[in-house]
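Asker: Read off the chains here:
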Amino acid sequence: MSQTNKPGGAHDRSAAAYWRANVRLMVGCLIVWAIVSFGFAIFLRPLVAEISVGGTDVGFWFAQQGSILVFIALIFFYAWRMGSLDRKYDVDEK
Amino acid sequence: MDQYYLNLLFVGATFALYIGIAIWARAGSTDDFYAANRGVHPITNGMATAADWMSAASFISMAGIIAFNGYDASAYLMGWTGGYVLLALLLAPYLRKFGSFTVPQFIGERFYSKSARLIGVLCLIIASVTYVIGQMTGVGVAFSRFLEVSNTAGLLIGAAVVFFYAVLGGMKGVTYTQVAQYVVLILAYTIPAIFISLQLTGNVIPPLGLFSDFQQSGQPILATLNSVLGDLGFASYTGQQDTNLNLFLFTLTLMIGTAGLPHVIIRFFTVPKVSDARYSAGWALVFIALLYLTAPAVGAMARLNIIDTVYPNGVGEQSLAYDDRPQWIKNWETTNLIVFDDKNGDGRIQIYNDKNPDFAPRAQELGWNGNELEVNNDILVLANPEIANLPGWVIALVAAGGLAAALSTAAGLLLAIAGSVSHDLVKGALAPNISEKGELLTARIAMAIAIAVATYLGLNPPGFAAQTVALAFGIAAASIFPTLMMGIFSKSINNYGAVAGMLVGLVTTLVYIFLHKGWMFIPDTNSFTDTDPLFLSVKSTSFGAIGALFNFAAAIIVSKMTGRPPQRIQEMVEALRVPRGASAASAH
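Protein sequences, first through last, are from chains S and W. Under full-length UniProt numbering, the residues of the first sequence are numbered 1 to 94, in order. Under full-length UniProt numbering, the residues of the second sequence are numbered 1 to 588, in order.
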């Protein structure tokens, strides 16, 4: 908290910097969220149709199984990374 | 032991358990009643959320929908799970930090507007009431099938049990009964699935079995299924019939609708900390996934099982004689959920796609005169133990599981409705000076009335009862989700913007649904149908995502024209973005 760097700099510990870091992480996770569900399972399915899984294509696997597994991983990843951000920016709950 | 008494024993024992939990977890304050005193462990809350979320539809109908629609039904699987990513990333932690008791309360305070709060209540009540009717009828169906009582008596018994633990315990009682109900329903769902997967594929884990080889043919399950379905004129199981656009919008509508449903959101008000709310959404999805990863396996295997039963010597060979049909078909014929009609009078059962003109010459060649076995979507899960020849106690467990799924969701919905009536309408608008004791009593009375109304509507389902997916998810997606998101992620959306956005989202979505399903769902008042919709290939159930877009646009434009919110509101938004202080921020 004692560092007095420019807003947006690497050592900026303001609430605004915390929020920017959070939004960056969130957007990254949502891109993965969209790629596995709307991407591999729907729009990009023909592009990955060559990859086969258990008697069908990988797009079908993402649609009925893979996307759900990725969703779980995403939430825990986000919760874990946010925990470190909370501590780094000293806004965690005591 | 006779099957009837086994069913009675299992259902009776689980009901006694729920009532015991209710007596132990009584609510002593409004904080207990609305938010379980914010002391629920994130894993416990995850389990309760899973039971809250997985309804009679998830338990009873979803596998059947997947079985008969194949790949296209993936929208339900992705939609009803992907919403939890949005909850964890966009809503739950911030709403927990804010510390309100209800969803409309947050809307009212963030947008400093009583009108916004009341529109929130209206959306909540339409979505939740539509949703709860399906649960009540589900209770009636499960009772009448397994316990040989009338639909009405079954529904009244179920309502009495919910009345007991929801009125007494509020959120606290509902939370801990939901945990017990989760355990019952997940055992009931997965045990028969494991045996079916073992029989068909030799794999003990159903989600892996779905992508394994069918022991009988040595070919993968899905490849076998595609091939036999093709031989009977049906569409490919893994193939896509729907358009990309509709599939995308339907999945997105279910996702943002899930994240916007008040009865799910309020579950995250019960955990102690903001970081708990994030993890709790993850745990909820883990517990939900145990069922949602099993359902597609159950669907595909049950479909293959039925075809295999009807064509024991292979498709194209002589089909099963009606007199040789297995016991489970006989059992379910008595409920009219399986109906046989010997259209060509040969005494044998034929299943094929009689709506496919390309297959008609082949059917004629075989002497077939129409599909002869109608199998209702809903029986696949309920009949699973009988199809797999499992012992009687598994059937009894499935009966208890179906009831647990319906009751846990009903209780969560009723809690959201009652909380909103007592906290948003009575305390928020009609009697702001009501004492804490008075409010607790009001909440209990509101709960009792909500149960009475839901029971009445369950016994006399109105036309909109069958439209849960269109109405509840459409409204949550178009009206509630965008408003909550803007309340957190934008400091510039003001009271006028929020009200305009919610109304525009609500009205456009309702109008689009009414244009396709009939005005107020009155038959023959529709101008379009879902097979030939108004806008491109967008069905009425997929419109919520577009309604949400209108909501965002209206809120942004109106806010731009009417000025920024006051300084204290902008500070409120800054405070809710920071986790520290959540335990203190519950003094509302």
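Keep in mind that the hints are not guaranteed to be accurate.
Which stretches of chain S does chain W cover? Using the computed rule of at least three CB atoms under 8 angstroms from a CB of chain W, they are [as the list claims (entries may be wrong)]:
hint: 1; region: 11-24
hint: 2; region: 30-41
Selected chain S positions facing chain W (Cβ under 8 angstroms, derived; list incomplete) [to be verified]:
hint: 3; residue: I51
hint: 4; residue: T56
hint: 5; residue: V58
hint: 6; residue: F60
hint: 7; residue: I72
hint: 8; residue: F76
Source of the hints: derived by calculation from the structure; they are not laboratory data. Glycine included, each C-beta is placed from N, C-alpha and C at the ideal position.
Asker: Next, verify each hint and record whether it holds.
Answerer: So, going through the hints one by one against the coordinates:
Closer than 8 angstroms: that is the beta-carbon criterion, and the region 11-24 of chain S has 4 residues meeting it against chain W, so the requirement of 3 holds. Closer than 8 angstroms: that is the beta-carbon criterion, and the region 30-41 of chain S has 5 residues meeting it against chain W, so the requirement of 3 holds. The criterion of a C-beta within 8 angstroms of any C-beta in chain W is not met by I51(S), whose closest approach is roughly 13 angstroms, and the hint is violated. The interface hint given for T56(S) is met, as the beta carbon of that residue sits about 5 angstroms from the closest beta carbon of chain W, less than 8 angstroms.
With its C-beta approaching chain W no nearer than about 11 angstroms, V58(S) sits outside the 8 angstroms limit, and its interface hint is violated. Annotation: F60(S) was flagged as interfacial toward chain W, and the flag holds, the nearest CB pair being 5 angstroms apart, inside 8 angstroms. Interface restraint check: I72(S) against chain W, minimum CB-CB distance 5 angstroms, threshold 8 angstroms, status holds. Taking 8 angstroms as the C-beta cut-off, the interface hint given for F76(S) holds, the closest approach to chain W being about 5 angstroms.
Consistency with the previously given hints fails for numbers 3 and 5, ordered from lowest to highest.
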